[in-house]
Amino acid sequence: MSIQNHSRSLWSQMGQFDVRRRVREEPAGLISRAILIGAIALALTVATDGFATSANLLNVLRQASMMFLLASGLTLVILSGGFDLSIAANMTLSACLAAGVMKSGGSPVLAVAAALACATSIGLLNGLAVTFLRLPPFLATYGMLWVVQGLAYHYMGGSEIFGFPEGFRALGTGFWWRVPLPVYMMLFVLIGGTVVTACLNFGREIYAIGANAEAARLSGIPVRRRRIAVYTISGLMAGIAAIVFLARVNAADSAMGEPVLLPAIAAILIGGASLFGGTGSLLGTVFGCVILAVVIDGMNLLNLNANWQPLVVGAVLLIAVLADALGRRHTEKTR
Amino acid sequence: MSGDGKQNSKVEAARRKRPLPSIMWASAVLAVAASIGVPGFASRANVADIGLQIAMLVMIAMPMTLVILSEGLDLSVGALLSLCGVVFAMTLGTGLGMAAALLTAAAVGIAIGLVNGALIARLGLPPFVVTLGTLGISQGIALALTDGNAVVVGTPAVAQLYAWSVFGVPFPVLCALAAYAATHLLLYHTKFGTYVFAIGGNREALVLAGVNARAFHVAIYALSGLFAGLAALLLVGRMNAAEPTSAIGMEFDAIAAVVLGGTSFERGEGGLFGSLMGVVTIGVLRNALNLLGVESSLQVVSVGMLVLLVVVVDSVRKSRVIGAQA
Chain Y
1 MSIQNHSRSL WSQMGQFDVR RRVREEPAGL ISRAILIGAI ALALTVATDG FATSANLLNV
61 LRQASMMFLL ASGLTLVILS GGFDLSIAAN MTLSACLAAG VMKSGGSPVL AVAAALACAT
121 SIGLLNGLAV TFLRLPPFLA TYGMLWVVQG LAYHYMGGSE IFGFPEGFRA LGTGFWWRVP
181 LPVYMMLFVL IGGTVVTACL NFGREIYAIG ANAEAARLSG IPVRRRRIAV YTISGLMAGI
241 AAIVFLARVN AADSAMGEPV LLPAIAAILI GGASLFGGTG SLLGTVFGCV ILAVVIDGMN
301 LLNLNANWQP LVVGAVLLIA VLADALGRRH TEKTR
Chain L
1 MSGDGKQNSK VEAARRKRPL PSIMWASAVL AVAASIGVPG FASRANVADI GLQIAMLVMI
61 AMPMTLVILS EGLDLSVGAL LSLCGVVFAM TLGTGLGMAA ALLTAAAVGI AIGLVNGALI
121 ARLGLPPFVV TLGTLGISQG IALALTDGNA VVVGTPAVAQ LYAWSVFGVP FPVLCALAAY
181 AATHLLLYHT KFGTYVFAIG GNREALVLAG VNARAFHVAI YALSGLFAGL AALLLVGRMN
241 AAEPTSAIGM EFDAIAAVVL GGTSFERGEG GLFGSLMGVV TIGVLRNALN LLGVESSLQV
301 VSVGMLVLLV VVVDSVRKSR VIGAQA
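Taken in sequence, the protein lines are chains Y and L.
For the first sequence, our numbering gives the first residue as 1, with consecutive numbering after it.
For the second sequence, our numbering gives the first residue as 1, with consecutive numbering after it.
A portion of the hints provided could be inaccurate.
Stated by the list, open to error - Just the calculated beta-carbon pair ranges, DEER-fashion:
{"hint": "1", "chain 1": "Y", "residue 1": "Lys103", "chain 2": "L", "residue 2": "Val38", "range": "33 to 43 Å"}
{"hint": "2", "chain 1": "L", "residue 1": "Ala181", "chain 2": "Y", "residue 2": "Ile31", "range": "46 to 56 Å"}
{"hint": "3", "chain 1": "L", "residue 1": "Asp49", "chain 2": "Y", "residue 2": "Thr45", "range": "56 to 66 Å"}
{"hint": "4", "chain 1": "L", "residue 1": "Asp49", "chain 2": "Y", "residue 2": "Ile37", "range": "51 to 61 Å"}
{"hint": "5", "chain 1": "L", "residue 1": "Leu96", "chain 2": "Y", "residue 2": "Pro165", "range": "55 to 65 Å"}
{"hint": "6", "chain 1": "Y", "residue 1": "Pro259", "chain 2": "L", "residue 2": "Thr190", "range": "36 to 46 Å"}
{"hint": "7", "chain 1": "L", "residue 1": "Asp49", "chain 2": "Y", "residue 2": "Ile31", "range": "57 to 67 Å"}
Read the hints as simulated data drawn from the structure, not as lab findings.
Every residue gets a Cβ at the ideal spot worked out from N, C-alpha and C, and that includes glycine.
Assemble the whole structure, with the sequences as input and the hints as a guide.
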């Protein structure tokens, strides 16, 4: 009796993770976000002179793509029902390390390798802490945040490293066919990541773990290995973001990552991912990043004080989750 | 209510039987080691120093315990505390008295707390996202009000109050003790407190029992906002000025203290005394490392390590208790 009940409830929960339903519902959310972007862009085109120029639009895209590089790994973690608070601190430490390597005469290639290795191993440590030590993801990555941030403070000692070789700086500032290089990186990660999450077993298993980890384990998915993998990928993406940020701003200090954590999390949630896992997509996160980048660019063009930025990011985040919740309530009522 | 006496005592006994959180051992070992190994640690003046350093964190960590017991989280308190500090200092600047300024700051705190509570309890949005949003909003308002600059307080009254002490106990420590006592009474001796545990343990059952769980749920976040507003007095008193970003990050210290104190993010388990000990442990560790001349960056690393260590030890102990029962 109890076993039957148990298995039935498992099946009904598995029913929530119905790929066809997810695919059917996903476009509605994405279309509403595309309309939102269009509306904001239209308003800014009318209200300001500088918005609808190709230079400005490409700059917006560059900002969005830098945010996306950091947020894409976290998106995978959130899809799997986890969380990673350490990405911004990880980015800071990796960028400082790369800067230190170049300052002491190392080649840019060595600097990039050092940053990626540092970032990936921090991600791996997160994954091990969450799986083998069974720490709640929020706590494990929060402890890691402070450990990593403290190491960055220690490494930099309050100083700043700036001025890097031209070849390295091109990673953040360069163009190819008049489009900034980070945009190509975003497209590459988006297309590759979407193929992996939507078409390969690996991605489907991540969605399944996020929807119901117990059911996923019982159906033979190697939950631990997949979890370790998503945290490691999150670390790797933080390292890639670190290199692009470093190349773009041409300076490293121990506080550089702090202001990007809130926008990155906000972009993912605006993109429609649920913190409970199992819903969301990389394309949604791209939309979230573009929305935030357009809004921030609009504020600059309207000469709004940069001090208002956190308020606007916070408000956009609340409006997005509120709209999602109300929309969900509406569809449940009409069903 | 009188018929439940036996039941209550049973529940009480079960609650007492739970193993002490590892934080008790950690703080005791730390304090003993520091008194032996760190010169100047066990002096009267230094103990008072520690008290001053942790007073504000106690005021934030107490309501945070209630929030986490209700299976929630309040990331906005650090930014909110900064905002309340700014509001407090600006109200003082208009010539109003300290009491009026504190009331204004508390009102702002409660207002943001009510927004948090309404979105979380009424609409069922995840606390993490909602309070992250209000974190940004509070920070933005504080920055925009001050244009990013510090607001200097004109009158010496606030600094005088901060430096005031009764029988050698500094005023901020009195505030912290009052905050602990008030939250203790609220959590363990009122209906509200029982419902806090119930909202975290099984909210559905509470609703089915005919309790207006939603109102109590909102009240928890409003309380968190209120305490942030009151703590603004200490924040401004310490520097005699209000900086728009001075308390940012404090929410993480508060969450760390609560978690160190053995309160779990699930099932409404934990207690207030553990959180107090969590704050004391963080304070003792920072102070001892300071006296040893360890640079502040490595202090940050060590607090992070301590959180991870205690959480690991607690989870190992818990799984052992479960294993022994099975």
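Structure-based check of all given hints:
1. Y/Lys103 to L/Val38: 33 to 43 Å: holds (36 Å)
2. L/Ala181 to Y/Ile31: 46 to 56 Å: The hinted range 46 to 56 Å holds for alanine 181 of chain L and isoleucine 31 of chain Y, with Cβ atoms some 55 Å apart.
3. L/Asp49 to Y/Thr45: 56 to 66 Å: holds (58 Å)
4. L/Asp49 to Y/Ile37: 51 to 61 Å: holds (53 Å)
5. L/Leu96 to Y/Pro165: 55 to 65 Å: For leucine 96 of chain L and proline 165 of chain Y the Cβ distance comes to about 58 Å; the hint holds.
6. Y/Pro259 to L/Thr190: 36 to 46 Å: holds (41 Å)
7. L/Asp49 to Y/Ile31: 57 to 67 Å: holds (59 Å)
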